[in-house]
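Trainee: Sequence:
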Amino acid sequence: MPCHLEQCSPASEVHMSFSISSRVRRGIALSAVVLATGGLVLYRAPANAFPGDPGAARPSVLANGKNSAAFAGPGVHGMISLSHTRLLSGQDTTVFADVRVVADALTETRTLTVARAPISLAVVLDTSGSMSGEKIEEARRSVLRLLADMRDDDEITVIRYSDTSETIQPLARVGGVRSELSARIAQLQASGGTNIPSGLQQGLRSLEEATRGRVRRIVLVSDGLDSTRAQAENLARSSFSSGITVSSLGIGLDFDEAYMGSLAQNGHGNFAFVKDGASLAKFLHRELEETAGTTVENARVRLQLPEGMRFVSATGADAVVKGSEVELAVGSLFAGDERRVVVELAANTYPSAGSSFEIDATASWNQVGGSPFTTRTPRLSLVATADASEVDRGKDGAVLASATSVVASRRQIEAANAYAQGDVARAAQIAEKNEQALAAAMVAAPAPAATSLDTQMKAYRVMRKGFATVSPQSAQGRAAAKEAAVKDMGNMNRSTF
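Taking this note's numbering, I'd label the letters of the sequence shown as residues -18 to 478.
Check before you lean on any hint, since a few could be wrong.
Claimed, not checked - Using 25 angstroms as the maximum straight-line C-alpha spacing, the simulated SDA-like pairs for lysine to any residue come out as follows:
hint, residue 1, residue 2
1, 303, 335
2, 256, 398
3, 263, 170
4, 263, 121
What the hints assert, rightly or not - Simulated restraints, written as ranges between beta carbons of each label pair:
hint, residue 1, residue 2, range
5, 352, 173, 46 to 54 angstroms
6, 439, 163, 42 to 50 angstroms
7, 456, 317, 33 to 41 angstroms
8, 414, 156, 36 to 44 angstroms
Quick caveat, the hints were computed from the structure, so don't treat them as lab data.
Virtual Cβ for every residue (Gly too), placed ideally from N, Cα, C.
I would like the entire structure built from these sequences, with the hints used as guidance.
Mentor: This is the structure in structure tokens:
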């Protein structure tokens, strides 16, 4: 039974050129899209100005204000933190909210009481002509290994696509089809063109038939690109709204990272890049582990904004705005997973000093195998003042650091795209501005946040130097653009620096 408010208690190894390498944990962020349907508006975050850009008030000393509200419930805890405690009267002020949703980690005791999630997995595999040779051989071996790792009561469907799509295995329990499916997978051949939406749509349809209560995920693999990005994004978005996560893996140097990354962004799954098919098995194994380890679904945070405050953008979740309420759809989390959502708000503080803004918030989620749960957080307040120094002292440097990091990642993706298209000068300019903004935010950030910003800034500095010395048409340059996209897309909903 749902919990009433009154009763609730509070990839694989990816390769980064310019001498940088890292393990990408997750990929998922939001593209700049705005959809309107009647009075309901769906927002996707635009590339806004940095929190530290000229024109914004910058604290000259460490900002140590705290304006946070915690929440907790079965299997989940989290925090909503505002960048300000005070607002300057007589000015419009940008306020950031840093929302964290964390699925509780499995302890030895809790593991005994939490059952492994029953899963339904769709593998959507590119078998176009460009996958010929080693790639298709590794793809076959990787899917066979995945099949061997799955439990008998898991459900699987396998779809291949080239010019069109074909269901190799309709959704079925693994134990009943393992031998026969293994034989069919071993016979897969590569030929034809690439039609990503065809395969994605077939995977979505297959998972709609999944047994009730299962965690559902689509894993799409491709080494190419086509001209149907908008259609594929819509399908991934539709999958997420139906409770299905979409992850994507790009193989080699010829796929479009913006396209493949957008599928994971809109499907709230992982995005990764591997130079060859040999690492595909690791990616598929990670997808299996995360799907099986899912403990929370349909996680949402709702903010009730006061009069005089409006929503601007959100990064890390789908934001639906209806009237004064902002609903942030976070989706599924596996045990120990932490999701970050950065929300930009605009406050009109023309009322006199002493006036206040109050934000009410609730969080809700479904535990896998359990009942829906909703909890209300303590109220968050911001007070208008005529004293600018009081505003500076009341800022939260950690929240501003988080917002700056996310905005820098959005812009660094622009830099990577510009570099990939041969516009090296623009790429270097964006990267340099990112470095400056991160350095400025470090001044006001507490030590842990400042260290993360410094790591991010140094990575961008190395990358900017690489822009000037490595041709974007070279194998090293093409790999670097893809690696940058993966790293920064991951940072937009989970801290990766």
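Trainee: Each of the hints needs a verdict: does it hold here or not?
Mentor: Taking the hints in turn, this is what the structure says about them:
no.: 1; hint: 303 <-> 335; result: violated (28 angstroms)
no.: 2; hint: 256 <-> 398; result: holds (18 angstroms)
no.: 3; hint: 263 <-> 170; result: holds (22 angstroms)
no.: 4; hint: 263 <-> 121; result: holds (13 angstroms)
no.: 5; hint: 352 <-> 173: 46 to 54 angstroms; result: holds (47 angstroms)
no.: 6; hint: 439 <-> 163: 42 to 50 angstroms; result: holds (47 angstroms)
no.: 7; hint: 456 <-> 317: 33 to 41 angstroms; result: holds (36 angstroms)
no.: 8; hint: 414 <-> 156: 36 to 44 angstroms; result: violated (55 angstroms)
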